[in-house]
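**Q** Here is what each chain is made of, one letter per residue.
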Amino acid sequence: MQKQITEANLRLLIDSLLLKGQRVVGPRQSGAMVLYEPLSSASDLVFNEQPRRSAKEAFFPICEDLLEYRKNGQQIDLEDIEPSRFPETVLIGVRPCDAAAMPVLDSVFSWDYKDQFYLERRSRTIIIGLACTSADDACFCTAVGLSPGDSKGSDLMFSHLVNGGFLVESHTDKGALFLESWKDRFTEPDGSKTLPLAQPEATPFDLKKIKGWLDDHFEDPAWDSIATRCVGCGACAFVCPACHCFDIIDEGTEKSGKRRKFWDACGFSKFTNHASGHNPRDLQPKRYRNRIMHKFKYYDDKFGQNLCTGCGRCIRVCPVGIDIAGILEEIEKK
Amino acid sequence: MTQPIDISGYTRITESIRTEAKRILSDGTVSAVIGYTHVRRKGSTQPILITNPDDSEKLFFSEGCLNNLVVYLTKSKKDVPKTGKIGIVVKGCDLKAVVGLLGESQLKREDIYLIGVPCNGVLGSLINPATELNTKTIAAKCRECTDRMPVGADFVPPVELAAMPQMEATYSDKIAKLEAMTPSERWEFWKEQFSKCIKCYACRQVCAFCYCEQCVCDRNRPQMVEQSPRPSGNFSWHLVRAIHLAGRCVGCAECERVCPMDIPLNLLNRKMAMEMKELFNSEAGFEVREKGPLNSYDEHDDESFIR
Ligand code: SF4
Ligand code: SF4
Ligand code: SF4
Ligand code: SF4
Numbered sequence: 016m017q018k019q020i021t022e023a024n025l026r027l028l029i030d031s032l033l034l035k036g037q038r039v040v041g042p043r044q045s046g047a048m049v050l051y052e053p054l055s056s057a058s059d060l061v062f063n064e065q066p067r068r069s070a071k072e073a074f075f076p077i078c079e080d081l082l083e084y085r086k087n088g089q090q091i092d093l094e095d096i097e098p099s100r101f102p103e104t105v106l107i108g109v110r111p112c113d114a115a116a117m118p119v120l121d122s123v124f125s126w127d128y129k130d131q132f133y134l135e136r137r138s139r140t141i142i143i144g145l146a147c148t149s150a151d152d153a154c155f156c157t158a159v160g161l162s163p164g165d166s167k168g169s170d171l172m173f174s175h176l177v178n179g180g181f182l183v184e185s186h187t188d189k190g191a192l193f194l195e196s197w198k199d200r201f202t203e204p205d206g207s208k209t210l211p212l213a214q215p216e217a218t219p220f221d222l223k224k225i226k227g228w229l230d231d232h233f234e235d236p237a238w239d240s241i242a243t244r245c246v247g248c249g250a251c252a253f254v255c256p257a258c259h260c261f262d263i264i265d266e267g268t269e270k271s272g273k274r275r276k277f278w279d280a281c282g283f284s285k286f287t288n289h290a291s292g293h294n295p296r297d298l299q300p301k302r303y304r305n306r307i308m309h310k311f312k313y314y315d316d317k318f319g320q321n322l323c324t325g326c327g328r329c330i331r332v333c334p335v336g337i338d339i340a341g342i343l344e345e346i347e348k349k
Numbered sequence: 116m117t118q119p120i121d122i123s124g125y126t127r128i129t130e131s132i133r134t135e136a137k138r139i140l141s142d143g144t145v146s147a148v149i150g151y152t153h154v155r156r157k158g159s160t161q162p163i164l165i166t167n168p169d170d171s172e173k174l175f176f177s178e179g180c181l182n183n184l185v186v187y188l189t190k191s192k193k194d195v196p197k198t199g200k201i202g203i204v205v206k207g208c209d210l211k212a213v214v215g216l217l218g219e220s221q222l223k224r225e226d227i228y229l230i231g232v233p234c235n236g237v238l239g240s241l242i243n244p245a246t247e248l249n250t251k252t253i254a255a256k257c258r259e260c261t262d263r264m265p266v267g268a269d270f271v272p273p274v275e276l277a278a279m280p281q282m283e284a285t286y287s288d289k290i291a292k293l294e295a296m297t298p299s300e301r302w303e304f305w306k307e308q309f310s311k312c313i314k315c316y317a318c319r320q321v322c323a324f325c326y327c328e329q330c331v332c333d334r335n336r337p338q339m340v341e342q343s344p345r346p347s348g349n350f351s352w353h354l355v356r357a358i359h360l361a362g363r364c365v366g367c368a369e370c371e372r373v374c375p376m377d378i379p380l381n382l383l384n385r386k387m388a389m390e391m392k393e394l395f396n397s398e399a400g401f402e403v404r405e406k407g408p409l410n411s412y413d414e415h416d417d418e419s420f421i422r
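Just so you know, the protein sequences line up as chains A and B, in that order. Numbering-wise, the working numbering comes out as the position in the first sequence, counting from 1, plus 15. Numbering-wise, the working numbering comes out as the position in the second sequence, counting from 1, plus 115.
Check the hints yourself; a few may be wrong.
Each computed DSS-like pair below joins lysine-lysine, with the alpha-carbon atoms no more than 25 Å apart [as the list claims (entries may be wrong)]:
hint: 1; chain 1: A; residue 1: Lys273; chain 2: B; residue 2: Lys197
hint: 2; chain 1: B; residue 1: Lys386; chain 2: A; residue 2: Lys285
hint: 3; chain 1: B; residue 1: Lys193; chain 2: B; residue 2: Lys251
hint: 4; chain 1: A; residue 1: Lys349; chain 2: B; residue 2: Lys157
hint: 5; chain 1: B; residue 1: Lys311; chain 2: A; residue 2: Lys348
hint: 6; chain 1: A; residue 1: Lys301; chain 2: B; residue 2: Lys197
hint: 7; chain 1: A; residue 1: Lys349; chain 2: B; residue 2: Lys192
hint: 8; chain 1: B; residue 1: Lys190; chain 2: A; residue 2: Lys301
hint: 9; chain 1: A; residue 1: Lys129; chain 2: A; residue 2: Lys273
hint: 10; chain 1: B; residue 1: Lys193; chain 2: A; residue 2: Lys285
hint: 11; chain 1: A; residue 1: Lys348; chain 2: B; residue 2: Lys306
hint: 12; chain 1: A; residue 1: Lys285; chain 2: B; residue 2: Lys197
hint: 13; chain 1: B; residue 1: Lys193; chain 2: A; residue 2: Lys301
hint: 14; chain 1: A; residue 1: Lys285; chain 2: B; residue 2: Lys311
hint: 15; chain 1: A; residue 1: Lys301; chain 2: B; residue 2: Lys192
In case anyone wonders, no lab produced these hints; they're calculated from the structure. Values in this document were obtained by computation on a predicted structure and should not be read as measured data.
Assemble the whole structure, with the sequences as input and the hints as a guide.
**A** Written out as structure tokens, the structure reads:
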């Protein structure tokens, strides 16, 4: 289903949602950078900059409490955090490379163990994607089978119209229902053209070929030449829309405290450190190899998709200039 | 007004680094050279370790060579081979890190071959690497740098430093503003900054002085510092960081540069450095200090804070 909305009507719509007490999250200025954060008014929305961190935190926050404990004499009281209390959320202005990561994350969080913290937030959220009209030389969605106008993962997809406003396309029942319940704000498409999509310079990778190489090059000198320079931080994994590793820790005192879940990264030296002190990934190239293997082999083996949407964020933030697109290019040539 | 910065010397520096690297690798002076190389994105760079003289052509120097490569010489970077003498390309600020590590007995002078770069400054960030170097895009540390000419290196490319335009010092300016705040305003300022921290530890991992094999903030048996990225744990982490680096930090500002959340970490570092200078007349430089200001005692040390 296609509709159209003016920019003014979109702002009215967002403000009405906020007035109703609805949580609306979208790209907004946060200090010097843009982040996906709860909006306090429609005018907070920023459309022309990719947020520094991805939209995954709407479902998979940097840190969240799982339970609380209190000790009274001999008795220990546990209190669960109730996932059903997570608020209904409208996630708007989502980049296609962020939205496309949602189905990828869904697979892992609903696989053998159903992660209620993720799934409950996910089911209470409608994702409104926005097609990109500009890209930089780190963007490579087109190289991994997506595009700046891709609707993968979006319930509704917005595209900028040449004369202002947006063309709106619904891709799921959730999207259609939203259009229906706010139908006064939308009009029928009048045939106006949409702005041309961004054109990332990247040419499509032969991901099959890349996977083929990964399949039988777990040991290869290339890993050293690629990743001896990796300093082992969490920057690439934390800004990535598809990385989803987390750690769980109990914090507090002997009397009371909380169990918390927070982002982890395979670049950290303690990531696979065993209680014995042994670490099977003892050196940085082995850790970085896991990053590439997980994204382009293991995840594909298991779920038939890859763990990278080409958003380019890890390339922009890596302290030592490690460029995942350049690495894929290198592997493809092998 | 934005003024361009003359970096025409960087081409000759590049040639000179290549020739020297080739020479020291071929004649066996060093077993490896750590320098900078190009990457796919225009203007971006990355560290590289070469062992083959023919790979010298891969080295270069540009306004995008931000990394302080000295971190690779430390014991925390176990994957970088430490056998034999290693050549390394250093800017003035990076060289001070070598000096600091020598003072802390982390390096032996005879194990390193220093290629010092006469430096007209580097960019503040590589997020958009295809940026021209000018008085606006230059790194804040370079605005107030007094160590453009590395002293005590084994080899310095014979290139005259071009004159630099006048630039205002931004750190001292910001520190003055912070000092003018009331303690509670200052508290609010840092509270907000630290609340942005996602504990990616990029700041720690690039720091030449965070070479502990196990950071106290990573300990979990028992836990010393709250590890979850929440306001209280973030605060502890940043206090640990600031205190552990006081009197050691050389101001290469790598921590601040790599922070994906743009937390102004070097402001804290600079403030600590000012305190060290004032209290102990100690500051990072090109001369090895036998003992750091915080691990030596002098009866003239200011003790007025003990009440
Ligand atoms: S791996 Fe890098 S480019 Fe790919 S989705 Fe993650 S952050 Fe984006
Ligand atoms: S690839 Fe870069 S961002 Fe990722 S862990 Fe290594 S140094 Fe950090
Ligand atoms: S902050 Fe302190 S403990 Fe942590 S790595 Fe740096 S020096 Fe070591
Ligand atoms: S680099 Fe920034 S976000 Fe990462 S741990 Fe350091 S201060 Fe926190």
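**Q** Under the criterion that the straight-line Cα-Cα distance not exceed 25 Å, is the pair A:Lys349, B:Lys192 satisfied?
**A** violated (28 Å)
**Q** A:Lys349 and B:Lys157: Cα distance at most 25 Å?
**A** Judged against 25 Å, a Cα distance of about 23 Å means the pair holds.
**Q** Would you check the hint for B:Lys386 and A:Lys285, treating anything up to 25 Å between C-alpha atoms as holding?
**A** Distance ~32 Å between B:Lys386 and A:Lys285 Cα, so the pair is violated.
**Q** Between A:Lys129 and A:Lys273, does the CA-CA distance stay at or below 25 Å?
**A** Holds. A:Lys129 to A:Lys273 sits at ~21 Å (cutoff 25 Å).
**Q** Has the given pair, B:Lys190 with A:Lys301, been kept, meaning a C-alpha gap of at most 25 Å?
**A** Judged against 25 Å, a Cα distance of about 18 Å means the pair holds.
**Q** Holds or violated: B:Lys193 and A:Lys301, Cα atoms, limit 25 Å.
**A** Holds, at roughly 12 Å.
**Q** Does the structure keep B:Lys193 and B:Lys251 at a Cα separation of 25 Å or less?
**A** violated (37 Å)
**Q** Does B:Lys192 sit within 25 Å of A:Lys301, going by the straight-line distance between their CA atoms?
**A** At roughly 13 Å apart (the allowed maximum being 25 Å), B:Lys192 and A:Lys301 satisfy the hint.
**Q** Do the alpha carbons of A:Lys348 and B:Lys306 lie within 25 Å of each other, as the hint requires?
**A** Status violated; Cα separation ~48 Å.
**Q** When you check the alpha-carbon spacing of A:Lys285 and B:Lys311, does it fall within 25 Å?
**A** holds (23 Å)
**Q** Tell me if the straight-line CA distance from B:Lys193 to A:Lys285 falls inside 25 Å.
**A** Roughly 14 Å between the alpha carbons, so the hint for B:Lys193 and A:Lys285 holds.
**Q** Next pair to validate is A:Lys301 with B:Lys197; report whether the Cα-Cα distance is within 25 Å.
**A** holds (19 Å)
In summary, the numbered hints that this structure violates are 1, 2, 3, 5, 7 and 11.
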